[in-house]
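A.B. asks: Each chain is listed here by its residues.
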Amino acid sequence: MFWKKRSGGDDNKLVIFFASDLHGSTVCFKKFIGGAKFYGADVLVMGGDMTGKAVMPIAEQADGSYLAFSGGRTTTLPDRDEAEAFAKRVTDMGFYPATMSEADYRRLKDDPATQDALFRRLVVERVVEWSGYVGEKLQGTGVPFITAPGNDDFAEIDEVLRRSPHVQYHEMEVTELRGLEVLHCGGSTKTPWDTEREYTEAEYRERFDRLLPQVKDMRRCIFNVHVPPHGTVLDQCPELDENLQVVFNMGTPVQMHAGSSTLYEVIETHQPLLGLHGHIHEGRGNIKIGKTVCVNPGSVYPEGILQGVLVTLAGGEVRAVQMTQG
Amino acid sequence: MSTTSGGGDDKRIFLRKASGLIRMASPFDTFIFNIGLVSVGLGVGTIMFYGPAYYAGGNLLVACIVAGVAMACIAFGMITWTVTLPRSGGIYVFGSRSLPPFLALTLSLVEITAWLFYCAIAAYWIIILGVGPTLAMIGYVTGSEWAAGAAAGVVQPWPMFLIGSAILVLSGVILAAGMKRYLLTQKIVFVTALIGSLLLIVVLLGGSRADFMTEFNLLMDPILGVENAYDAIIASAKENGWGADGADWATTILVSNWAFLPLIGAAFSIAIGGEVKSVEKSQTYGMLGAIVGTVAIWLITIALADSVFGYEFLGAAVYNLLGGVGIATPTDPSITLMAGILTNSWLVTLLVSIGLIFWMWMWIPGMHTFAVRALVAWAFDRIAPAPLGTISSTRHTPTVAIVVSVIVTIVFMALFVFTSFFKTIIILIEAAVLAWSVVLLAGIFFPYTRPHIYEKSPIARRTILGLPMMTVACALGFAASQFYFWTLFFDDVAAGHATNQMLIVGGVFAIGVVFYFVMKAVRRSQGIDVTLAFKEIPIE
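Chains A and B supply the protein sequences, listed in that same order. Be aware that the first sequence starts at 1, since it is given in the numbering used here, and climbs by one per residue. Be aware that the second sequence starts at 1001, since it is given in the numbering used here, and climbs by one per residue.
There may be inaccurate statements among the hints.
Here are the simulated distance ranges between beta carbons [said to hold, decoys possible]: (1) B:E1540 <-> A:T269: 54 to 62 Å; (2) A:G179 <-> B:L1415: 33 to 41 Å; (3) A:D209 <-> B:E1540: 42 to 50 Å; (4) A:G290 <-> B:R1395: 18 to 26 Å; (5) B:T1394 <-> A:D241: 23 to 31 Å.
Honestly, the hints are just simulated from the structure, not real lab data. A quick note: this is a predicted structure, and the numbers were derived from the prediction, not measured. Beta carbons: idealized from backbone N, C-alpha and C, even for Gly.
Using the sequences and the hints given, assemble the complete structure.
C.D. replies: Structure representation (structure tokens):
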């Protein structure tokens, strides 16, 4: 024989479509769900950070027009139709539009507590809406939708997603997937923004100490871990100062690594089949740590473009990794 | 239709603490990136070198303005593209969203082939227009036989190839060392090059035609064995056919090719679209600023050089030397050499030369970077072998893609140095201009063919004469790029249309098409459909 036949046929081939960090972008989320049919994926895995970052008040004025913020300046929307079109546009970009009177807007802007409550309500509403969309599109297809939380995800969405019959929401669990295992570990290491779910390296060590014993066969285990491994291209990003400004050295932006060194050690030591990561939007790429393939699709959600990764598994190995921009 | 106010109001947005993408490049960074790839000094060097010699009668100042206006139109089109699709990767990104996949790849391949060819040309020019004349001038001024011998030696084929290859390898090493080191070296090089250019202007401001003629004759009369070498060179060139009667619009348009060629670099920030913050502002200031700044420096330098050295002399000296006729200077009569003669100072010669060399150098890693980014993007999309996308685990740089780019440029360098055929062609620029032209043509229709993408663009609601801004901008850009495609086509000095050379251009396009379909077949056999990487997922 002049060639070696690969172990295992394609009978047990599994195509995973993975994306992460959509941050409230409805158009990207709908594309992600559409990716199952479009790419012929068997499984959809969302790496966390489903929730967005900004509420966009649309304030109704006495003359029937609306004021909103767009492109760095205040925009006047002349009528309700324009206001609704604006709301749809910003929804696609990941914002949460909130139509209100000018008086309500002025009260709200000086009331952080009420702002926060509004934020959380709108985030939950969108997650409910997305969960319904998952059911509408995936019901009967046999394609599961699997997700774990990112560091930016409010705790309020956990209950919504767990209750959804169409979403497999897991955190700090090891689950079964068509003969494979999936280890789910959300959140991230500490960030300058002090976000919802952040852990120290020591806490990550404890988390993996709890999860790793649950894995039966590491060679058939997929890590669905929001944070990427430290010191790789998957976690490279600009360093920020205490004012959240990019640090420059001799006129050059200073780069740093924001992933988890504990995770790197765990992958290097235990060699799982695959690592699915997100968190660092600039960290698009795929690498190998030992034999483990690790991917981060990155994210450009404000542009309405879905960055993803198609991973083909067969015969107990990663057969193909293909980056997508759909 | 909504209207906007220029601020003064509070920011009507409630933000929460959340992590996310940080874009780095500011308007100034973008400007530096572009003006470095224009290579201000190289532009002056080539315009003053080839312009008066081969385009006698052409007005160099008008030519620079014409090229600047045309490039501004092209930049306008590219700005609307990169604002609409603010991602890194240049025309590959734009083409993959608007054209059939095979064409997007082909245009990208054509483009990077041209830029890599320019890397080799820049290394060649560093030796011919920079190192050689500098050593010669130092030899004349100091009486150093070693310098004079070295000046003659470096322009021989093998030394030229080895030095050129070393320059290209150095660029690869810097890129492989990481983006941080690359950007740092580029900024140091930029400042040094700018100082060299400003010094040249100062030298020219302090000199006069009479000073230059005196110094030139003093130095060259004994070397050339004639009296009044300055006038003798002009006279012998005219006897051998050089010269024209007054200004000529057609010649001015043709000589503007030499201004247009480097100006293309002013739009190269499309390659880093994904890394630019405040993309609309940064790209607009970055591109248009680079064009305006470059043309301004050119106009000042050319006007002063004309005044001090004389248009006739500059043209005659190069015409004689390159044509092998009449009385010729013993080395290339570059502007560096002339400045050195004017001041009779080895230090000024050295500083001005270093400035010119550094301007040319800025092209090399810049062009390499452009190609490397495209290769990595192809590898990500699985239309190129996966190793091209491999990132070094220690340096975090795409080492394989860098090595491949450097090797390709060394091959181009060999072709340029060792074959007479490639030595005269810059025709690949026509192919690159054509590739940009196709993308700009696609941009005219983009707001209509991809409305769901265009409506998210910050310029989606802006119109000019009732048409989408992108349509108008890309139409202007398409017209300007077509203008220069045909201007280059009919300019046998800068590019031309000789049959065998056109076959090379056609061959590069053909290679791109074949490469795409071969990789598509290979990937299909591996169970990968490469077309998926290009397609937008429909929302049903």
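A.B. asks: Tell me the hint numbers this structure goes against, listed in increasing order.
C.D. replies: Of the numbered hints given earlier, those the structure breaks are 1, 2, listed in rising order.
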